[in-house]
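Visitor: Below are the chains, spelled out letter by letter.
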Amino acid sequence: MVLVVWGVVTITFFVARVIPADPVAAILGPQAPQEAIERERARWGFDKPLYVQYARYISGLLHGDLGVSLRTRRPVLEDIKQFFPATVELGLAALIIGVVLGIGVGVISAVRNGSLVDHASRVFAIVGLSMPAFWLGLLLLLIFYHTLGWLPGPGRLPYWYPLPPRITGLLLIDSIIAKDWFALKSFLQHLILPAFTLGWLSTASIARITRSSMLEVMHEEYIKTARMKGLRESVVIMKHAFRNALLPIVTVVGIRIAYMLEGAVLTETVFAWPGLGRYATQSFLSIDFNAVVGVALFMALLYSFCNLAVDLLYAYLNPKIRYV
Amino acid sequence: MWRLVVGLVVLGLCLPALGQIPKDTLVIGARTGIIVDFDPARIYEVFTAFVAEQFYEQLVDFERGDFTKIEPGIAESWEVSEDGLTWTFHIRKGVKFHSGNELTADDVVYSLRRSLALNFHPIWILAQYVPDPDMIQKIDDYTVAITTTEPVAELTIASVLGFQGICSIVDSELVKAHATPEDPWANEWLKEHDAGSGPFKLVRWVREEIIILERFDDYWEGPASIKRIIIKDIPDPAAQKLALDKGDIDIAWDLLPEQVDMYRDAAGFKVVETPAWGITYVAMNAGKPPFDNELVRDAIRWAIDYDAIIYGIMKGAAIPGQTFIPKGMFGHLPETPYHKDIERAKKLLTAAGYPEGFEVELLTTDRPDRVAIATQIQADLAELGIKVNIRQMVGAQFYELYRAQKHTFLVAGWGADYADPDALAKPFAHCCTTGPEAKVRQLAWRNMYVDCDTSILVEQAARELDATKREQMYFEIQRRVLDKGPYAILYYPLRQIVMRDVVKGFHLAHMEYYTELWEVSKTG
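Sequences listed follow chains A and B, in order. Here the numbering used here is used: the first residue of the first sequence is 8, the next is one more, and so on. Here the numbering used here is used: the first residue of the second sequence is 172, the next is one more, and so on.
The set of hints was computed from the structure by calculation and includes no laboratory data. Every residue, glycine too, gets a C-beta built ideally from N, C-alpha and C. Possibly wrong hints are sitting among the right ones.
[What the hints assert, rightly or not] When the alpha-carbon atoms are kept at most 30 Å apart in a straight line, the in silico DSSO-like pairs for lysine-lysine are as follows: (1) A:K88 x B:K347; (2) B:K362 x A:K55; (3) B:K693 x B:K240; (4) B:K398 x B:K194; (5) A:K186 x B:K417; (6) B:K264 x B:K194; (7) B:K693 x B:K267; (8) A:K55 x B:K577; (9) B:K498 x B:K441; (10) B:K362 x A:K88; (11) B:K398 x A:K192; (12) A:K192 x B:K194; (13) B:K417 x B:K459; (14) B:K459 x B:K441; (15) B:K486 x B:K417; (16) A:K186 x B:K398; (17) B:K511 x B:K498; (18) A:K186 x B:K194; (19) B:K417 x B:K398; (20) A:K192 x B:K610; (21) B:K486 x A:K192; (22) B:K486 x B:K517; (23) B:K655 x B:K675; (24) B:K417 x B:K675; (25) A:K55 x B:K264; (26) B:K240 x B:K309; (27) B:K655 x B:K398; (28) B:K264 x B:K398.
[As the list claims (entries may be wrong)] Listed next, with one range per pair, are the computed distances between beta-carbon atoms: (29) B:D195 x A:M138: 38 to 46 Å; (30) A:V25 x B:G255: 46 to 54 Å; (31) A:I26 x B:T257: 30 to 38 Å; (32) B:E363 x A:T17: 50 to 58 Å.
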C-alpha cells in the first residue's frame with residue numbers, strides 16, 4: 008500500500024507540474040501584473056527546480072503536512088476535513104439506496120428471468136447506467152422541487168436557514184447535538200434527491216451484477232437439491248442462492264463505496280452539495296498543485312482501504328478463502 | 172440499524188413543505204467558490220470584494236450610479252497640498268467598528284501600512300502611487316496625510332483609496348489582539364473574521380457553502396433595513412434559476428443570458444442590469460506577422476460582424492463599444508466607427524500585401540461565449556480569404572501564453588481594477604518597450620504594441636489635475652488606440668442579475684464590488 012501511495016503522489020506531483028500552465032497566474036487572475044505573479048511564485052517556491060519542490064513536498068508529507076492550497080490558502084488537510092463529511096453523508100445515503108434497490112432489483116430480475124419484471128428491471132439498470140448524473144439531477148429537481156414542490160432544492164438546508172454549529176461536520180450529527188430538529192428534518196429532506204441521483208448509478212451496476220451472479224448460482228446442483236428437499240422458494244433464494252452469489256456483488260459494492268466517498272462531482276455540483284468532489288474539481292480547474300496531489304493521495308488511501316475491506320469480507324463470506 | 176435508517180428516510184419523506192424566507196432576510200444564490208479569504212490585504216476577486224463591501228469601508232466613496240462624483244466615506248473631507256503631492260483626510264468622528272471601538276486616524280494609518288507590509292498581489296494598486304509606509308502619516312486623532320510619489324488626479328487617488336480590499340480600514344486594536352510573533356499582521360485571523368465598520372457584520376463563513384451577514388445597528392449612516400443577508404453557494408446557474416422560481420432565494424447572481432431573458436416580462440421578478448466596466452476584445456500581436464502591419468489590423472476591425480456578436484451570441488447581454496474606456500466611466504469616448512464592411516477590409520488587406528489572405532491561429536478559452544465569438548470571427552474573416560484555426564484551451568494555459576507574448580491572435584476580456592480611466596489606459600495603451608524591463612507589462616505589452624508617445628500621454632493624463640484637460644487626453648489616447656492599436660474591441664458586457672420583485676432599493680454598480688446592500692429592503 009505504501010508503494011501505491013508513493014506512486015500516486017509522485018505521478019500526480021509531476022503530471023500536475025508538466026501541464027503548460029502557471030497555477031499562480033491562474034489563481035491571481037488574468038489582470039494581475041507580471042511582477043505580482045513573479046513575487047507570488049517565489050513565495051510558493053515554484054521558482055525552485057522541480058526536484059527541490061518534490062523533495063520539499065515529500066519531506067512535508069512524511070511529517071503529515073499535505074501543503075497549503077493555492078486556492079483556499081489553507082492547509083490541504085484542513086480543506087479535506089471540511090469537505091469530506093458532506094461527501095460521507097451523501098455517499099452513505101446513496102450507498103444504502105444503491106445496495107437496497109440494486110440487490111432487490113437484481114434478485115427479482117434473476118428469479119423472474121425472462122419475465123416482464125426482468126425486462127423492466129434491466130431497462131431500469133441500463134437507464135441508470137447511461138444517464139448522466141447532472142441530467143438526472145436536474146430532471147429530478149425539475150419534477151420534485153420545481154413542479155411538484157414535494158422536496159426541497161439544492162443545498163443541505165433551506166437557503167435562508169443558518170447551519171448548526173460545526174462539531175463533526177456531519178450535519179445529521181451536528182443538528183442532533185445542537186437539538187436543532189428543524190435542521191435535522193430539513194437535512195433529511197434535502198438528502199433525498201442527491202442521494203437518489205447518486206444511488207441510482209450504483210443501483211444499476213449492483214442490479215446487473217446481482218442478476219448475473221444469481222442466474223449463475225441458480226443453475227447449480229445444490230439449488231436443485233435444496234428445492235428437491237422441499238425447502239420454501241424464499242429460503243432457497245435467500246439462503247442458498249443469494250449467499251453464494253454475494254462475492255461478485257461485494258466486489259462491485261466495494262468499488263462503488265470508494266466512488267461515492269471520493270465525491271460524485273456532478274451530483275455535488277447540481278445539488279450545491281459542499282463535498283470533496285466539488286473541492287477536487289475546483290482544485291483541478293485552478294491547477295492547485297498541493298490540493299490536487301493531496302486529494303489524489305486521499306483517494307488512493309480510500310480505494311486501498313475499500314479494497315482491503317472487500318478482501319477481508321471475502322474471507323468472512325466464503326470460509327474456503329483464507330489469508331496467510 | 173436498518174430500522175433507524177428506514178425510519179429517518181420515512182421521516183424525511185413525510186415532512187411538510189419547508190418555510191419561506193423571512194421578510195427581514197435577503198438570500199442571494201451565487202457561486203462563492205471564487206472567495207479565497209476575507210483579509211482586506213488580499214481581496215482582489217470581484218465577488219469577494221462585493222461581500223467585503225458590506226462590512227468594510229474606505230476613506231472615500233462614490234455617488235450612487237456615478238463614478239465620476241467622489242463622496243465622503245470614512246473621511247468627511249479632504250484637501251490636497253499646492254504641489255499636488257500630499258492629500259490630507261479628515262476622519263469622521265463617532266464612526267464605530269463592529270467591536271464597539273471608535274475609528275480614528277490610527278486605524279487608517281495601520282490599515283494602509285498593513286496592506287503595504289503584507290505585500291499581497293493587489294498591493295500594486297496602492298503602491299504605484301504610495302509605495303512607502305512612511306508616506307502615510309497621522310497628523311492628529313482625526314487627520315491623516317497621504318503623500319504620493321507624483322501629483323495624481325483627485326479621481327485617481329479617490330479610486331485607489333476607495334478600493335475595496337487593500338484600502339479598507341480595519342479595527343487596529345482588534346487585529347493587533349489577534350497578532351502573533353509568527354503572524355504579526357494577524358493575516359490568519361482576518362482571513363475568516365471581520366474587523367470592519369460597515370453596515371453588516373460577518374458572522375459566519377463556511378467555505379463554498381454559506382456566508383451569513385448580520386445588520387450592524389450602530390452603523391454611522393443608520394442601521395440597514397435588512398436584518399440578515401445569507402449568501403448561499405449555488406454553483407450551477409440552472410439550480411440558481413430553479414431556486415429563484417421557487418422563491419427559495421431572493422436574488423440569482425449568476426444566471427446565463429438566455430436564462431435572464433426568460434425573466435424580462437415575468438411577473439414577480441425583475442432584471443437589473445448595468446454595463447460592467449469590462450471590455451471584450453480581439454487582440455492581434457503587433458510584434459508578429461501579419462499583425463505587425465497596421466493595415467492588416469485595420470482590415471480585421473472592418474471585417475468583424477459586431478452586431479452578430481452582440482445580439483446573436485451575447486443575446487443582449489452586451490452593449491456596443493469600441494473604445495477601451497467603457498460607458499459610464501470618466502473619459503469614455505463614445506465612438507464606434509467600425510462595422511462589417513468586407514469591401515473596405517479587402518482593400519486594406521490587399522494594400523497590406525495579403526490579397527489572398529493568410530492562415531492564422533485564434534486562441535480562446537473554453538468559455539462557451541468566447542468560443543462562439545471565435546467561430547463568428549472565423550466565419551467573418553473567411554470572407555477575406557483568411558483561414559482562421561480556432562484553438563481552445565483552459566484559462567490557465569491561455570493566459571500563460573498570452574502573458575509570455577506567445578500568441579498571434581486571440582479573444583479575451585478585461586475589466587477596470589479601479590474606478591478611474593488610468594486603470595484601463597495603462598493596460599491598453601502603455602508600452603514603450605517589449606522587453607521585461609517595461610514599466611507596465613499588461614495588454615499593450617503582451618500584444619507588443621510599442622507607442623512611446625502614447626505611453627507618455629497615459630502617464631501625463633494620470634497626473635493631470637484639471638478634469639477637462641484630463642478628459643481630452645483620454646479621448647486622444649483612445650482615438651490613437653482605436654485607429655492603430657492591436658485590438659478590435661467587440662463590446663462592453665452587461666452585468667445582469669435577476670431578483671424577486673419584493674426586493675427594493677437594489678442598485679447594481681458598474682463595478683460590481685461597489686454594490687451596497689445597506690439600502691435594500693423587502694416587501695414580502
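Visitor: Given the hinted pair A:K186 and B:K194, is their alpha-carbon gap at most 30 Å?
Guide: 25 Å, holds
Visitor: Would you mind confirming whether the straight-line C-alpha gap from B:K486 to B:K417 stays at or under 30 Å?
Guide: Between B:K486 and B:K417 the Cα gap is close to 25 Å, so the pair holds against 30 Å.
Visitor: Would you check the hint for B:K398 and A:K192, treating anything up to 30 Å between C-alpha atoms as holding?
Guide: Since the Cα atoms of B:K398 and A:K192 sit roughly 25 Å apart, the hinted pair holds (cutoff 30 Å).
Visitor: Decide if the proposed pair is consistent with the structure: B:K417 and B:K398, CA atoms, cutoff 30 Å inclusive.
Guide: Distance ~22 Å between B:K417 and B:K398 Cα, so the pair holds.
Visitor: When you take the CB atoms of B:E363 and A:T17, is the distance between them in 50 to 58 Å?
Guide: 33 Å, violated
Visitor: Between B:K655 and B:K398, does the CA-CA distance stay at or below 30 Å?
Guide: 53 Å, violated
Visitor: Are B:K417 and B:K459 close enough, with their CA atoms no more than 30 Å apart?
Guide: Roughly 54 Å between the alpha carbons, so the hint for B:K417 and B:K459 is violated.
Visitor: Mind checking the alpha carbons of B:K240 and B:K309 for me, to see if they're no more than 30 Å apart?
Guide: 26 Å, holds
Visitor: Sort out whether B:K577 lies within 30 Å of A:K55, counting only the CA atoms.
Guide: Holds, at roughly 23 Å.
Visitor: Hint check: B:K362 vs A:K55, CA-CA at most 30 Å. Holds or violated?
Guide: 28 Å, holds
Visitor: Between B:K498 and B:K441, is the straight-line Cα distance small enough, at 30 Å or below?
Guide: Holds, at roughly 23 Å.
Visitor: Within a Cα-Cα threshold of 30 Å, do A:K88 and B:K347 meet the stated pairing?
Guide: 29 Å, holds
Hint compliance for this structure: hints 6, 13, 14, 20, 21, 23, 25, 27, 31, 32 are not met, and every other hint is.
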